[in-house]
Amino acid sequence: MTLFYTLLRIAARNSVLNWRHGLAALLSIAAGFAAIVFFQGYIVDVTRMYDDTFTRRGMFGHVIVEREGARGRGFALGPDYDLKSDDQQIIDKLLAENSQVVNRTRFLNLSGTISQGATQVIFAGYGYDVLEGAATRGKSWAFNTVAGKPLDQAMKDGGEPMILGLGLARALGCTPDQKMRLLTGTGGYSHEFRPFTCVNTSLMISATTLDGRANAIYPTLVGLTDAAFKAIDDRFVALPIELAQSLLQTKGVTYYSVELRDPALASEFSRNLKAAAAASGIHLDATPWKEHRFGELYVKTMDFLSIFRAFILSVIVVIVILSVVNTMTKLVLERTREAAVLRCLGYSSAHVIALFSLEGTILGVTGSLAGALIAQILIPAINLLEIPYRAGVLSGAIPFRIAVVPELFLGTGFFLGAIAILSAVIPAIRVANAPLPKSLESHG
Amino acid sequence: MKSLWVYALRNLKRSPRRTIASVLTLVFGYAGLVLLGGYILRMQGYLEVNSVYLNHAGHVGIYKKEGIDRGFSDPKRFALDADTQTKILGVLNADPRVEFTAPVLRGMGLASDGCRSAPFIATGFDPEAEARIRSAPAVLKTLPELVRLQSGRGFWEKGAHPRAISITSSLGELIHKRSPSAEPFIPVDHPSMDCANTDYLKSLEKEPIVQLVANAWNGDFSAGEGILEGFHTTGLAFTEDTDLIAPLNLMQKLYATDAITYFAVYLKNPADLRNFKADLRARLGALNLDLDVLPFDDDRVSLFYVGAMNFLYVMAGFFIFLVCGVVTLSVVNTLGMMVIERQSELGTLRAIGFSQGTVASIFAREAFITALVSAFVGAILSFAIAGMVNAAGIRFTIPGLSGDLQFKLEPNLLLALGASLLLMVLASLVSYLVAYKLLGRQITDLLHGVTA
Chain A
42 MTLFYTLLRI AARNSVLNWR HGLAALLSIA AGFAAIVFFQ GYIVDVTRMY DDTFTRRGMF
102 GHVIVEREGA RGRGFALGPD YDLKSDDQQI IDKLLAENSQ VVNRTRFLNL SGTISQGATQ
162 VIFAGYGYDV LEGAATRGKS WAFNTVAGKP LDQAMKDGGE PMILGLGLAR ALGCTPDQKM
222 RLLTGTGGYS HEFRPFTCVN TSLMISATTL DGRANAIYPT LVGLTDAAFK AIDDRFVALP
282 IELAQSLLQT KGVTYYSVEL RDPALASEFS RNLKAAAAAS GIHLDATPWK EHRFGELYVK
342 TMDFLSIFRA FILSVIVVIV ILSVVNTMTK LVLERTREAA VLRCLGYSSA HVIALFSLEG
402 TILGVTGSLA GALIAQILIP AINLLEIPYR AGVLSGAIPF RIAVVPELFL GTGFFLGAIA
462 ILSAVIPAIR VANAPLPKSL ESHG
Chain B
37 MKSLWVYALR NLKRSPRRTI ASVLTLVFGY AGLVLLGGYI LRMQGYLEVN SVYLNHAGHV
97 GIYKKEGIDR GFSDPKRFAL DADTQTKILG VLNADPRVEF TAPVLRGMGL ASDGCRSAPF
157 IATGFDPEAE ARIRSAPAVL KTLPELVRLQ SGRGFWEKGA HPRAISITSS LGELIHKRSP
217 SAEPFIPVDH PSMDCANTDY LKSLEKEPIV QLVANAWNGD FSAGEGILEG FHTTGLAFTE
277 DTDLIAPLNL MQKLYATDAI TYFAVYLKNP ADLRNFKADL RARLGALNLD LDVLPFDDDR
337 VSLFYVGAMN FLYVMAGFFI FLVCGVVTLS VVNTLGMMVI ERQSELGTLR AIGFSQGTVA
397 SIFAREAFIT ALVSAFVGAI LSFAIAGMVN AAGIRFTIPG LSGDLQFKLE PNLLLALGAS
457 LLLMVLASLV SYLVAYKLLG RQITDLLHGV TA
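Residue numbers (this note's numbering), protein chains in the order written: chain A, 42 to 485; chain B, 37 to 488.
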């Protein structure tokens, strides 16, 4: 132990004495650290944003429950693909008995035409359990309207409320009164009423009922929302489920979304629910949304990001490794004579190797700390700017952000520390085992 | 001047190990840039051809003012009437840069099998122009997977029914049409005619007739029939549930109009796009027509193209920033060590009359040579990797696109030259500045190897 402290003190002194050379290695490690945590942090932020968009904003919770084979389309596929009243009773009972379930929301998909005076456009959307949906959205997405009120707040005023996607609303002559920066940077919109104006507020929604007849309702437009994806937003309508059911003349629903206490148990929960439902006489598909047709875009996006992450990180890591190895090797080799002197004084080769390893560790730790400091200063500054950019199929611009993930900082620190130690050990073995007379004559 | 280059080259030869390490660092950074650039070029080409040809945007679209935003909600007001069409065609036909022009009509409605209906977004297109699009060299080269119909035949093909339509498989699923008709249509008689009767619903699946219901542009209710002869793909996931393509005259009949939504203009040389757009705006402006001339890369025309490319540019920007940062620091490190090791030599150079700038320029020359060699090696490596990846035929999916596509890297000479230039300028400049700063000490300090 005493020897270890002696070597540690020598290593620390050497690091200070050779600070100029050490600085080069330290800079390489710090830059590599910052580069890795910046890029990984960006990917983590995008992943979180997409996850939040589906789980909370889109109210998918964690598991989708529907009739076997329905794939999110319900009775659009045929009369046997929706969940009828009896089925719902069984499902509700099964969910109520399960301690994992936090909340469940029923959805009824609908499509048809929406008219305002002479203007008629197609729509696709859903009716849903408004209060349960608001609970799944949670605090950050409680206020899910860009203008006007969310459905759950409008329900308190009575009537038959409806919200429209911004794109569809524009086509029908409805626009928010103010143009503003809406995303809060941490999820949803600020909780305040923002007015909107319509050329004509009288809207009619028409759809075909299950038995092939046309039906229409006259809901009140209470809010405009951004449905996240442009192609959906241009056609999006959301109604209370009771209103949607009256339009389609059914008591059925298309699917349930279920929010769980522990999202990691989604697959196990799905299997158990399916088995329990089969035992009760109904054949269901219970699927974590990430494995469902609804989650296809999420999965594709994550796969796509993984390819990018693998490519970009591998290039950055190789450059960083080369840079650190180059610097550390030089740092050790030029001190061949010093190592030989130590050996003359009675230190063994193992001691010399340990000494350089400790120097590598000191540089690795200091470099990582410096990188972490740079990241801690720059990341909040970048996030504060909230630079907007359009990405993929999203309907609006999103702010460019980098997540701060402590595990990532630790992992990167360990990785670069290991690289620094290895880069020191390999040349140190050579130096420590070189013939003494030759080493003593060495000029570095 | 020449001697300074020779001197720089000799210095590099003196420390072969360090030179190789520096070259390796730069080679990886360079190859990363070129390969990422090659991927972006591939995606840009793919999405551009998809948008311009398969989604009928044309290189340029000519719309009534605000027609792109309000064409669906108020089509009569925001469409191009027959008179305006004639005037526009007069301008386009006189321009030798135009390969061909296609009138396009876009409309919405409900498609139905008689019992079940689903919304559609239709594109009415001239069959001859559609055939031309699907055989365009750019399309055959870039989108061979998408240009082929999934099944059946297109309304643009020989022998197609005058009322032939093509829909996406997803829309077909919603209205229970799963196979196109290649045979002459024979009506199916069924005694039930009851939408709740499963047998009757099954019998409808065999019928090629798709009922189309829409609001005519004069405000009346309108209905028509299309003969389903083909299933196609749009290549875009979000439009796969609703897309229908049909002959222009069939759609004009459905919407009871002779107007069109826009003209899609296809250019002989897409590189002419910017100039052509500006000239066209000027010529159409002179006719006092209230029009919008929109290129395919306008986000109102191809939001997916713009969104996807923006995302790739953000990634590329991030990558360039990180690689340049790491490469810069690597150069600074190497240089710092070199100056420390060679300070006596550098002090001598200063003592015999070389200025601080001249000595610093030796380091810049060394960095330039290192970057040049790295760029050369990196270019060979990048093109070799791209060739191997392309030959491997790897398939992958892109969020927002339907189906999969081949993972390809398409670096070109311009990209390689640009990356080389970036690397050489960066390395030389950083070297010069750092060396200049480090050499700013007293000559005696340098000669005696005193560290600052």
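Read the hints as simulated data drawn from the structure, not as lab findings.
The structure displayed is predicted, hence computed values, not measured ones.
Please note that a few of the clues may not be correct.
Unchecked claim - With a cut-off of at most 25 Å between alpha-carbon atoms, the simulated DSS-like pairs for lysine-lysine come out as follows:
hint, chain 1, residue 1, chain 2, residue 2
1, B, K242, B, K123
2, B, K123, B, K238
3, A, K220, B, K112
4, A, K180, A, K220
5, B, K101, B, K123
6, A, K341, B, K444
7, B, K313, A, K125
8, A, K479, B, K313
9, B, K289, B, K304
10, A, K134, A, K341
We went through each hint and held it up to the structure:
1. B:K242 / B:K123: violated, 45 Å
2. B:K123 / B:K238: Given that 25 Å is the threshold and the Cα spacing comes to 50 Å, the pair is violated.
3. A:K220 / B:K112: Given that 25 Å is the threshold and the Cα spacing comes to 29 Å, the pair is violated.
4. A:K180 / A:K220: Holds. K180 (chain A) to K220 (chain A) sits at ~23 Å (cutoff 25 Å).
5. B:K101 / B:K123: Roughly 15 Å between the alpha carbons, so the hint for K101 (chain B) and K123 (chain B) holds.
6. A:K341 / B:K444: This hinted pair holds, its Cα atoms lying about 17 Å apart.
7. B:K313 / A:K125: violated, 56 Å
8. A:K479 / B:K313: violated, 75 Å
9. B:K289 / B:K304: violated, 32 Å
10. A:K134 / A:K341: Status violated; Cα separation ~35 Å.
Checked against the numbered hints above, the structure breaks hints 1, 2, 3, 7, 8, 9 and 10 and satisfies the rest.
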